[in-house]
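Novice: Okay, here's what each chain looks like letter by letter:
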Amino acid sequence: MKFALLLLLVINLNTATAQELETLPGIGPGLAKKIIEFREKRHGFKHVEELLAIPGISERKWKALRDKVDVK
Amino acid sequence: MKPDSAIEIIRELRHHGHEAYLVGGCVRDMVMKIEPADYDIATSAHPEEIMQIFPRTRSIGVQFGVVLVLYRGHPFEVATFRSDEAYVDGRRPTGVVFTDAKQDVLRRDFTINGLLYDPISETVIDYVDGQSDIRARIVRAIGDPHARFEEDKLRILRAIRFGARLGYTIEQQTWNAVQAMAPKIHQVSGERIREELGRILTEGQAALGMRMMDASGLRKEILPELVWNDHVEHSLRFVKTGSQPDFAMGILLHDTPINDVRKIVERLKFSRAEMNHIIALVENLPQFSAIRQMSVSSLKRFFRTSRFEDHLALARIHLITAGSDLSDYDFAHRKQHEWSDDDIRPVPLITGDDLIQMGFTPGPQFKQILTRVEDEQLEGRLQTRSDAVGFITRNYGAS
Chain A
1 MKFALLLLLV
11 INLNTATAQE
21 LETLPGIGPG
31 LAKKIIEFRE
41 KRHGFKHVEE
51 LLAIPGISER
61 KWKALRDKVD
71 VK
Chain B
73 MKPDSAIEII
83 RELRHHGHEA
93 YLVGGCVRDM
103 VMKIEPADYD
113 IATSAHPEEI
123 MQIFPRTRSI
133 GVQFGVVLVL
143 YRGHPFEVAT
153 FRSDEAYVDG
163 RRPTGVVFTD
173 AKQDVLRRDF
183 TINGLLYDPI
193 SETVIDYVDG
203 QSDIRARIVR
213 AIGDPHARFE
223 EDKLRILRAI
233 RFGARLGYTI
243 EQQTWNAVQA
253 MAPKIHQVSG
263 ERIREELGRI
273 LTEGQAALGM
283 RMMDASGLRK
293 EILPELVWND
303 HVEHSLRFVK
313 TGSQPDFAMG
323 ILLHDTPIND
333 VRKIVERLKF
343 SRAEMNHIIA
353 LVENLPQFSA
363 IRQMSVSSLK
373 RFFRTSRFED
383 HLALARIHLI
393 TAGSDLSDYD
403 FAHRKQHEWS
413 DDDIRPVPLI
423 TGDDLIQMGF
433 TPGPQFKQIL
443 TRVEDEQLEG
453 RLQTRSDAVG
463 FITRNYGAS
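Residue numbers (this note's numbering), protein chains in the order written: chain A, 1 to 72; chain B, 73 to 471.
Calculated from the structure, these hints are not laboratory results. The structure displayed is predicted, hence computed values, not measured ones. In this text, a Cβ means the ideal position worked out from N, Cα and C, and glycines have one as well. Take these hints with a grain of salt, some might be off.
From the derived model, a few chain A residues whose C-beta atoms are all more than 12 Å from chain B [as the list claims (entries may be wrong)]: (1) N12; (2) A18; (3) G28; (4) P29; (5) G30; (6) A32; (7) K33; (8) E49; (9) A53; (10) G56; (11) A64; (12) D67; (13) K68.
Across the chosen pairs, the derived CB separations fall in these ranges [to be verified]: (14) A:E22 to B:H218: 46 to 56 Å; (15) B:R379 to A:V71: 15 to 25 Å; (16) A:V71 to B:D286: 26 to 36 Å; (17) A:A18 to B:S361: 33 to 43 Å; (18) A:K72 to B:H218: 26 to 36 Å; (19) B:N248 to A:G26: 36 to 46 Å; (20) B:P127 to A:H43: 23 to 33 Å; (21) A:W62 to B:D397: 47 to 57 Å; (22) A:D67 to B:S399: 49 to 59 Å; (23) B:H303 to A:H43: 24 to 34 Å; (24) B:T195 to A:K46: 22 to 32 Å.
Using the sequences plus the hints, can you model the full thing?
Specialist: Right under this line is the structure:
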């Protein structure tokens, strides 16, 4: 049940903790940390597509991620 | 962030025969000698041309001609010069016309955000007298303020955000329009209002921002239930730049009755997690005045509250602002540091499975027994599993 919920849950890139980011496909502790650093440096994400600028987020990872994140 | 990569993008666009400049907030920051967090670029190139020139791009609003260029590990918004057609719903233009640099600037909100910078010749291009407004520290709408706010009602709140954050005065005509049009803020969605309010509260000078909101009538429109007094205003001075919006909301709402707090956070469409945090902050604050009478187990359970450091911070801000003594806060702070995470969240001595093995039948009594054992453990009266078994046998009888 918990697993199913995680699959449906859309994660807000602007408020997610590192732990929450790590539930995303292809995101481990290293990338989660990079995402949070990126967010802090730029005062938040304006577009989910900005993720693609982070080294380590390939087009392939992006495809698996895009429906599971938002920036509202 | 340094402008080097943005300048390379501009060179590349020029190399292909297009006009291109830095635009908006980054130019304002540069004129103010602040290092921008990011750079936006305006160009005569059309979206499809931008996407052909750069290998990694994403279209993020073709209808507005905005392309995200991913370059050297950074995203850059590259937007075609445009002027907006009528805004029908008060939020979004029905269509755009691609135009020149000057028209592009004239559709923007405030003069301080309407500057272009040519990094090749190192000159600021200023069609709106933005530089003199930066020098004079003034927020002034570009053109007719009523027309600007009519196009996008969120700009009414944005005027206040820039005024407060930068410590600028809102120019008289612009201020009159803010006051006159405050009731129209309701045409903007709860989410967009929440986002803007969050920024007013966390980008610096939150107290000034709320005071401006109050004076303009926006406070009454957006937060009619808020208990707004000197104490609350003063407490906002302690909200640090870069704080989480839900923490700042907790500070803002800490004197407001809890039912009104609930109404506000629901209307502003905070996420479930943020709502819970804000409500918990307001609800828990009175507990601090009884904290020294709490049993060790209650205190440890209190410390388990998620993001407890925010609760502690609110208690401190509240006490300082009220001019009260800080001994309740000091006590909580000291205890929290005295105990390790293991002290606060120890591994349970006993589980439901153990109770079944001891001959108990699963039921409502289970939770009661387990909670009591945990209380005893937190109090330090039970240390081992066999202590716990003995305690249960004594108090509930072995079956």
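Novice: If a hint holds in the structure, say so; if it doesn't, say that too.
Specialist: How the hints compare with the structure:
no.: 1; hint: N12; result: violated (7 Å)
no.: 2; hint: A18; result: holds (14 Å)
no.: 3; hint: G28; result: holds (19 Å)
no.: 4; hint: P29; result: holds (19 Å)
no.: 5; hint: G30; result: holds (15 Å)
no.: 6; hint: A32; result: holds (17 Å)
no.: 7; hint: K33; result: holds (15 Å)
no.: 8; hint: E49; result: violated (4 Å)
no.: 9; hint: A53; result: violated (4 Å)
no.: 10; hint: G56; result: violated (10 Å)
no.: 11; hint: A64; result: holds (16 Å)
no.: 12; hint: D67; result: holds (15 Å)
no.: 13; hint: K68; result: holds (15 Å)
no.: 14; hint: A:E22 to B:H218: 46 to 56 Å; result: holds (49 Å)
no.: 15; hint: B:R379 to A:V71: 15 to 25 Å; result: holds (21 Å)
no.: 16; hint: A:V71 to B:D286: 26 to 36 Å; result: holds (30 Å)
no.: 17; hint: A:A18 to B:S361: 33 to 43 Å; result: holds (35 Å)
no.: 18; hint: A:K72 to B:H218: 26 to 36 Å; result: holds (30 Å)
no.: 19; hint: B:N248 to A:G26: 36 to 46 Å; result: violated (53 Å)
no.: 20; hint: B:P127 to A:H43: 23 to 33 Å; result: holds (27 Å)
no.: 21; hint: A:W62 to B:D397: 47 to 57 Å; result: holds (55 Å)
no.: 22; hint: A:D67 to B:S399: 49 to 59 Å; result: holds (52 Å)
no.: 23; hint: B:H303 to A:H43: 24 to 34 Å; result: holds (29 Å)
no.: 24; hint: B:T195 to A:K46: 22 to 32 Å; result: holds (28 Å)
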